[in-house]
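Colleague: Spelled out, the chains give:
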Amino acid sequence: MTQNAVGRSAIQKTLLAVAGTAALILTTGARAQSINYGALEQLFGEPVTTSATGTPQRVSEVPTNMTIVTADEIRQSGSRNIPEIISRVPGLDILRGGINAFDVGVRGYQQPFQARLLVLVDGRQVFVDDYSRTLWDNIPVNVDDIRQIEVVKGAASALFGSNAAGGVINIVTYHPIYDNNNVAAIAAGTQRTRTGDATATFNGRWGGTKFSVGGFGADEFNTSRFPLDSTPGHPGHVYAANRSYFQLSPSFQGNSEFTYSTSESSPLDSADYYLIGDQTAVTLSARVGFDWNVGGGVLSTNNFYNHSVVKIFEPTDGGLPYRLATDILVDQLQYQFKAGTDHTFRIGTEFRYEWFDSLTQQLEPQSPATHEFDYAVSGMWAWKIADTLTWTNAARFDLLTLSETGTLTNPAFFSASDYNNTIKVWSGNSDFVYKPTDKDSFRAGYGRGVQLPSFLQNSWGIIQHFGAITADFQANPKVRPTIVQDYSIDYDRHLPEILSHVRASIYYETNTDIITAMAIPVGNIVINGTNYQVITDENAGSSHGWGGEVQLKGSSPEGLRWDASYSLSRVVDRGDVPALLDYQGSAPKHHLRLLLGYTMGSWEFDAKGEYQTSTNMLRSPDGGQTFAPVFASPYASLSGRIGYNIGDNWRVAISGTNLTRKTTNVSPFPAIERQAFLTVTGKW
Amino acid sequence: MRALMRGLLGFGLAAISAFPAHADVTAKDIQVMARALGFAEKAPSGEIRLGIVYAPENAASVAQAEAVQKLLGDGLKAGNLVLKPLLVKIDEATSADVAAFLLIEGMGAGGAKLAAVTKAKQKPCLTIDIPQVQNGSCAMGIKSEPKVEILVNRAAADASGVTFGASFRMMITEL
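First to last, the protein sequences are chains B and R. Whatever position you read off the first sequence (first residue = 1), add 1 for the numbering used here. Whatever position you read off the second sequence (first residue = 1), add 15 for the numbering used here.
With the rest of the complex left out, here is chain B (with noise of 0.2 angstroms):
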């Protein structure tokens, strides 16, 4: 007991001195275990996140911006896809596409193929790196499973790595050690809607494991598109996961995951001027890992590949469809610690390995290929300054290496050798949480984050038709990453009188070295005899945002729940962004959400009505000759779902969408219909 109780001490001093550094307190070990988050969000009477620190945290003393959607919300939603649920999140802006084509947009920057916001579930992310975007109808999850999103505004790469330069989506499921979430459903509705959805749990002593199956299929909204838009043929996705834990022993707990998913959509692709394709995706992965309680903290591994094969047709394209395979690989260990009695770091490594194929027939005979290894080491200091003041700290270092291993022709506007490239690039956050009383927080703080370019802007070449252009993409091998910098306040009160909670938060953001989609011509070339238009992308400036969100939130005991939200959200861009992306009008400057909710014995009632003003983006209505805004006027819109139990086990619900018109035009792409769905779910 001395000798430790001397040891602690030195090594406390040692700590202060020069924080950040790693050391370890040799304690008594204790049972390992992933986050309960059921067990500790009954204990602290709210729900419990690690995904503002990766320690885990009570989600009214995170150092970040956090909004917490809980199953309950979900549920209250009546929505089956996971952008319709979170649309209910301040600061949030949701751009669709087609019945099950989606993009998120976090503080006023949309655009489709969403490259700033990083999506994961359950710390695994599905963010695919070909275009930098999320397949967000590929995601396999069962929404019925889903225990909480957690929706972190601003710049998070030095938690969770490159592309969380805008925000994070965290997707946290049912643990099958601790909850036994056994459920299905079905649903049928307008546009031929057929869901079917099944998560089956199973656990004992040795741990647990759970098995979920879902297929969504429907007609695509009959609205009218561009002549040069795809109409896809069956929208809709199928996916299949199995996820298991394993206590090997009281103080380790490994875990596996293993997933499928495949669907087919009509999205916007921005590396085409807009325009809507046809696209078919495939996705597998695997994943392994540990939590260890070890040394008084807890090692912890997540190892994960993923494949991905996507498929994009579009009438430009001359009837050759992009086929596009990214594969990654990576390996993250982390170690986090309580030093002393107010000190909590978090040390970490990523190893990751990625590559990517172009499949796509080409013109001229040429198969790129491109690796990327990108070695980062990360921290995470969280000091307790006094009760009432902590102060976090992160920051992350990569250092990335990319080379082209496949063949380009020859002659090639950009080398091979022009391909092999180092990218060194530092994120960081510093948050201050301040809390005077039981009813008040203030947050101050700054973040550092990175967009890295994705495959097709750094590494790629086809040669194709395009329209009537005869083109070689080849991306620009010199494009640097995009680097937010945003500064941010929020102040949060509990209101016991009205029995609410108000959130109120300012924030101004920095862009630069923003990266286009390849659309920038640079000159010609001649291969093989032919004449070919050089198509590259390039860093076309900068841009800066600032804004808010202002939210009240509450309940009664007698069953009433009401959430009324204002964002405002303003962008100007500089150098050539307002020309080749134009972010400025991409989101609504104004966006009031009003959410009621009642829950009389048995029945729930739930209503959500949203008004946003308007919103323009660039798009090409001849197949990328000419392409110029395209508007969308301000529009209100109404959603709603009533709910009934039939005993303990059973759920009948009848949800509608966009109920007031037959139609809106949500965004400057083709409008989207009123859809409504009858849902059946079972729960045991």
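No lab work stands behind these hints, which were simulated from the structure alone. Positions of the beta carbon are idealized from the N, C-alpha and C atoms, including for glycine. Don't take each hint at face value.
As the list claims (entries may be wrong) - Cβ-Cβ distance ranges computed for the label pairs, FRET-style:
no., chain 1, residue 1, chain 2, residue 2, range
1, R, 78, B, 71, 58 to 68 angstroms
2, B, 603, R, 89, 28 to 38 angstroms
3, B, 216, R, 85, 30 to 40 angstroms
4, B, 243, R, 149, 22 to 32 angstroms
5, B, 243, R, 75, 55 to 65 angstroms
6, B, 206, R, 104, 45 to 55 angstroms
7, B, 261, R, 84, 52 to 62 angstroms
8, R, 85, B, 650, 31 to 41 angstroms
9, B, 46, R, 149, 15 to 25 angstroms
Stated by the list, open to error - Computed list of lysine to aspartate or glutamate pairs in DMTMM-like fashion (alpha-carbon distance at most 25 angstroms, straight line):
no., chain 1, residue 1, chain 2, residue 2
10, R, 162, B, 328
11, R, 43, B, 439
12, B, 440, R, 173
13, R, 104, R, 89
14, B, 554, R, 89
15, B, 385, R, 173
16, B, 554, R, 173
17, R, 162, B, 419
18, B, 436, R, 89
19, R, 162, B, 439
20, R, 162, B, 332
21, R, 162, B, 577
22, R, 162, B, 649
23, R, 57, B, 73
Starting from the structure of chain B, add chain R where the hints point.
Modeller: Leaving out everything else, chain R in the frame of chain B:
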């Protein structure tokens, strides 16, 4: 550095404490205690006897102990536990056959007596009387309103054989 930061924050830090000076034990307090105990390494489970430790010469202490006993009734389900109450006079704590002790407010120096007992018997001590946690007499103090706060005295917890996993420790206040 720490003293400077505290000074800069002014009287607000000194005046405002996360833990109030006096309150009666509520059902929610019991629930929080039981659930928090569930995160201990050697967490009890099922039906257990909770010793309610009081000072018989102090009328307020007696009243509060009896109120807690009434609250628990024949057994209160809290988390993974069913808590069955047993009134324990401080001088008789040594011989009490219980899984955990709940220290009533107003014990004063009696808290130190219980600290010796919990160390000898390797049983946890829980309380809402935060000064008893701060002086090391009791391992864990809790507050449940307006929000849940958990305070653990690491020395007292170690002495009574109560250890918590790293993840849980990151979510509580430790002394």
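Colleague: Taking the hints in turn, state whether each one holds.
Modeller: Here's how the hints hold up against the structure:
1. 78(R) <-> 71(B): 58 to 68 angstroms: violated (40 angstroms)
2. 603(B) <-> 89(R): 28 to 38 angstroms: For residue 603(B) and residue 89(R) the Cβ distance comes to about 32 angstroms; the hint holds.
3. 216(B) <-> 85(R): 30 to 40 angstroms: About 55 angstroms separates the Cβ atoms of residue 216(B) and residue 85(R), which means 30 to 40 angstroms is violated.
4. 243(B) <-> 149(R): 22 to 32 angstroms: Given about 49 angstroms between the Cβ atoms, the range is violated.
5. 243(B) <-> 75(R): 55 to 65 angstroms: With Cβ atoms ~58 angstroms apart, the hint holds.
6. 206(B) <-> 104(R): 45 to 55 angstroms: violated (40 angstroms)
7. 261(B) <-> 84(R): 52 to 62 angstroms: holds (57 angstroms)
8. 85(R) <-> 650(B): 31 to 41 angstroms: holds (36 angstroms)
9. 46(B) <-> 149(R): 15 to 25 angstroms: Distance hint for residue 46(B), residue 149(R) holds at roughly 24 angstroms.
10. 162(R) <-> 328(B): Violated, because 46 angstroms separates the two Cα atoms, which is more than 25 angstroms.
11. 43(R) <-> 439(B): Distance ~18 angstroms between residue 43(R) and residue 439(B) Cα, so the pair holds.
12. 440(B) <-> 173(R): violated (33 angstroms)
13. 104(R) <-> 89(R): holds (20 angstroms)
14. 554(B) <-> 89(R): violated (39 angstroms)
15. 385(B) <-> 173(R): holds (22 angstroms)
16. 554(B) <-> 173(R): Not OK: residue 554(B) and residue 173(R) at ~41 angstroms, beyond 25 angstroms, violated.
17. 162(R) <-> 419(B): Measuring from Cα to Cα gives roughly 58 angstroms; hence the hint is violated.
18. 436(B) <-> 89(R): violated (40 angstroms)
19. 162(R) <-> 439(B): holds (7 angstroms)
20. 162(R) <-> 332(B): Not OK: residue 162(R) and residue 332(B) at ~38 angstroms, beyond 25 angstroms, violated.
21. 162(R) <-> 577(B): This hinted pair is violated, its Cα atoms lying about 51 angstroms apart.
22. 162(R) <-> 649(B): Between residue 162(R) and residue 649(B) the Cα gap is close to 30 angstroms, so the pair fails against 25 angstroms, i.e. violated.
23. 57(R) <-> 73(B): violated (33 angstroms)
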